[in-house]
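Protein sequence lines correspond, in order, to chains A and B. Here the numbering used here is used: position 315 in the first sequence is 315, and no number is missing along the way. Here the numbering used here is used: position 3 in the second sequence is 3, and no number is missing along the way.
Since the hints were derived computationally from the structure, they do not count as laboratory data. Note that the structure is a prediction, hence the values are computed from the model and not measured. Among the clues, some could well be false.
To be verified - List of simulated lysine-lysine pairs, DSS-like, C-alpha gap at most 25 Å:
| hint | chain 1 | residue 1 | chain 2 | residue 2 |
| --- | --- | --- | --- | --- |
| 1 | A | Lys116 | A | Lys202 |
| 2 | A | Lys186 | B | Lys22 |
| 3 | B | Lys14 | B | Lys50 |
| 4 | A | Lys254 | A | Lys116 |
| 5 | A | Lys179 | B | Lys22 |
| 6 | B | Lys14 | A | Lys363 |
| 7 | A | Lys112 | A | Lys264 |
| 8 | A | Lys38 | B | Lys50 |
| 9 | B | Lys22 | A | Lys449 |
| 10 | B | Lys36 | A | Lys186 |
| 11 | A | Lys116 | B | Lys5 |
| 12 | A | Lys65 | B | Lys36 |
| 13 | B | Lys14 | A | Lys186 |
Stated by the list, open to error - For the chain A half of the interface with chain B, some residues (derived, Cβ under 10 Å), not all of them:
| hint | residue |
| --- | --- |
| 14 | Ala265 |
| 15 | Gln325 |
| 16 | Met384 |
Here a beta-carbon is modelled for each residue, glycine too, at the ideal position from N, C-alpha and C.
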Amino acid sequence: MINKILIANRGEIAARVIRTCKDLNIDTVAVYSEADQKAPFVSMADESFLLGPPRVQDSYLNTDKIISIAKEANVDAIHPGYGFLSENGQFADKCEHAGIRFIGPSAEVMEKMGSKIAAREAMEKAGVPVVPGTDGAVVSSDEAIDIAREIGYPIMLKASAGGGGIGMQAVNSDQELTKAFESNSKRARTFFGDGAMFMEKKLDHARHVEIQILADRYGNAIHLFERECSIQRRNQKVVEEAPSSFISDETRQKMGDTAVKAAKALGYISAGTIEFLVDEQENFYFLEMNTRIQVEHPVTEEITGLDIVEAQIRIAEGKELSISQSDVKMDGHAIEVRIYAEDPETFFPSPGHISKFELPEGKHIRNEAAVTGDYDVTPYYDPMIGKLIVKGSDRSEAIARLKEALFTYEIEGIKTNIPMLKTVADHEEFKNGNTTTAFVETYYLPMTKTN
Amino acid sequence: MTEIKASMAGNVWKITAGEGDKVESDQDVVILESMKMEIPIAADTDGTVKELKVAEGDFVNEGDVIAIIE
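Produce the complete structure using the sequences and hints provided.
Set out below in C-alpha cells:
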C-alpha cells in the first residue's frame, strides 16, 4: 500500500497529482524552490519542504536533497511528474535503494528509451516501424550527403545533444545540407558542447499521434487510444486532442495494437506513451517513447473516464490492472491547449508579475493551473502556466466550447499565447482537421505578419 | 553604430563575442536563457563589438541594450 507520496515536481502537474492523492486518501508532500514559495501546489499538499535556490540544479534536480526529505517525511513513494527527474534512471535507482517506490517504469527501460539509438533498435526488434534515418552520429557533411542520397530528401538534420529545436533544420538538397550541416553542428557545439548530428527522413504533411498505454507487473498491457498533438511551436506541443480527427478506425486499432506489443516486448510497467509520426497515407513510424505521465494526459482521461495518475499509483503498489482492453471505451472529443507565458507571435518567454488570472468555468471545462492572480512568473522554469481542457460530444462541439472558454480566460500583467490559441481555434483549417505538424508555420505565422 | 537589444527577458547565458571582436551580420553575440529556452542574439550588421553592456549571469529585460556594434 502507498499511504504517502512526495511529488518531486512543481506547477500544474504537482497540483494535478496532489488532487488524485486526495481522492485516494493518500497524504502528500510537496517540495519547492525559493522561487515557488507562493505557488498553489505548495499550499495544497499536506506537508511542504523547501529544496533550495531557484536554479533547477539546486532544487528540482537535487536528487540527494529530495531523497533525504522523502526519508524525513517518511513517504512510501515518489511521483516524478514530467520533465525534471521523471526519466532519470539513476534517480529511480536511488529511490529504490532508499526503500522508496519510484512511480514509473524500471530504471533500465527508462535508460533504454532515453537513448535515441537504443530506443530505435528496441522498437525495430519489437516489429515497430521507425522513421528511416541514421542509427548513429554523422560526423562530416560528406558522410551526411551519402546518407541523404540513400534515404532521399527532404531530410531533418538534428543535433544529437539537441533540444528545443536548436541545431535542427530541414534540408532539400546536397547544397543545402552541406551548409546546414556546418552551421547547425557549430551551433550545437556552442550550445551543448557536442556537435554530433543525426539525420531522419522528413515526412511532409505528417501528424504527431501518440498512444497512451498502461501496463502492470504481471504482463498485462492495454492502450487508451490516441492523442493527436500536431500543432506545435518550437517543436513543443500547443494544442492536443483525443481522438485524432485524421486516422481511420483501422489505423487506430493497428497503432494501439502496435503500442501494446511494444510495451510487452520492453517489459514496460506503469503508464507510458509511444509517439508516432503518421504520414498522409496513414503509415505510422515510431518517434520516441515517454516513460512518464505526459502534459496532455487529460484529454485521454476526458474521453475514457479513467484517472491515469491513479493507475500509475495502483500499478506502483503492485496491483493488477483493474480493466482489460475491452473495458476501455471512447466517449466524445476533448481538446487541451497549453497556456504559455510568452509572446504570441515570436514565442519568446515573457516572465513577470501576473496581476489578474481569471479562469473560464463550466461543466465541460477543466482547468489545470500553476499560478494565481497575484503571482510572479520567474524565468527559471518552463513557460507553461496552465492548461485548458474542454470536452464536447464531438469535435465541432469541443471546438465551439474551446473558443468560448478562451474568450473568458483572462490574464493580465504578462504576455501569453492566448491570442494565438484564439486564432487557431477559429481557423477554418483547424476546424477542417488540417492539423499537420506544419500548421503554425503554414497557417498561423503568415496571419501574424499581414496583421 | 547599432545597438543590439534583448528580444526577451532572461539571463545572459553565454557571451560569444568579446569587445573589439569583428562580427558579421547574423553572427551570435550573446545567448540569452529564459524559461528553459536559449535564444541567440545576433548582430544585424557587420562590424566590431565596441561595447558589451552585459556580463554572463546578468538579468536583462526585453528591449535592454546588450551590445554596441560599430
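A quick look at each hint next to the structure:
{"no.": "1", "hint": "Lys116(A) to Lys202(A)", "verdict": "holds, 17 Å"}
{"no.": "2", "hint": "Lys186(A) to Lys22(B)", "verdict": "holds, 18 Å"}
{"no.": "3", "hint": "Lys14(B) to Lys50(B)", "verdict": "holds, 18 Å"}
{"no.": "4", "hint": "Lys254(A) to Lys116(A)", "verdict": "holds, 24 Å"}
{"no.": "5", "hint": "Lys179(A) to Lys22(B)", "verdict": "holds, 22 Å"}
{"no.": "6", "hint": "Lys14(B) to Lys363(A)", "verdict": "violated, 48 Å"}
{"no.": "7", "hint": "Lys112(A) to Lys264(A)", "verdict": "holds, 15 Å"}
{"no.": "8", "hint": "Lys38(A) to Lys50(B)", "verdict": "violated, 43 Å"}
{"no.": "9", "hint": "Lys22(B) to Lys449(A)", "verdict": "violated, 33 Å"}
{"no.": "10", "hint": "Lys36(B) to Lys186(A)", "verdict": "holds, 21 Å"}
{"no.": "11", "hint": "Lys116(A) to Lys5(B)", "verdict": "violated, 37 Å"}
{"no.": "12", "hint": "Lys65(A) to Lys36(B)", "verdict": "holds, 22 Å"}
{"no.": "13", "hint": "Lys14(B) to Lys186(A)", "verdict": "holds, 15 Å"}
{"no.": "14", "hint": "Ala265", "verdict": "violated, 33 Å"}
{"no.": "15", "hint": "Gln325", "verdict": "violated, 37 Å"}
{"no.": "16", "hint": "Met384", "verdict": "holds, 9 Å"}
Violated hints for the displayed structure, listed by number in ascending order: 6, 8, 9, 11, 14 and 15.
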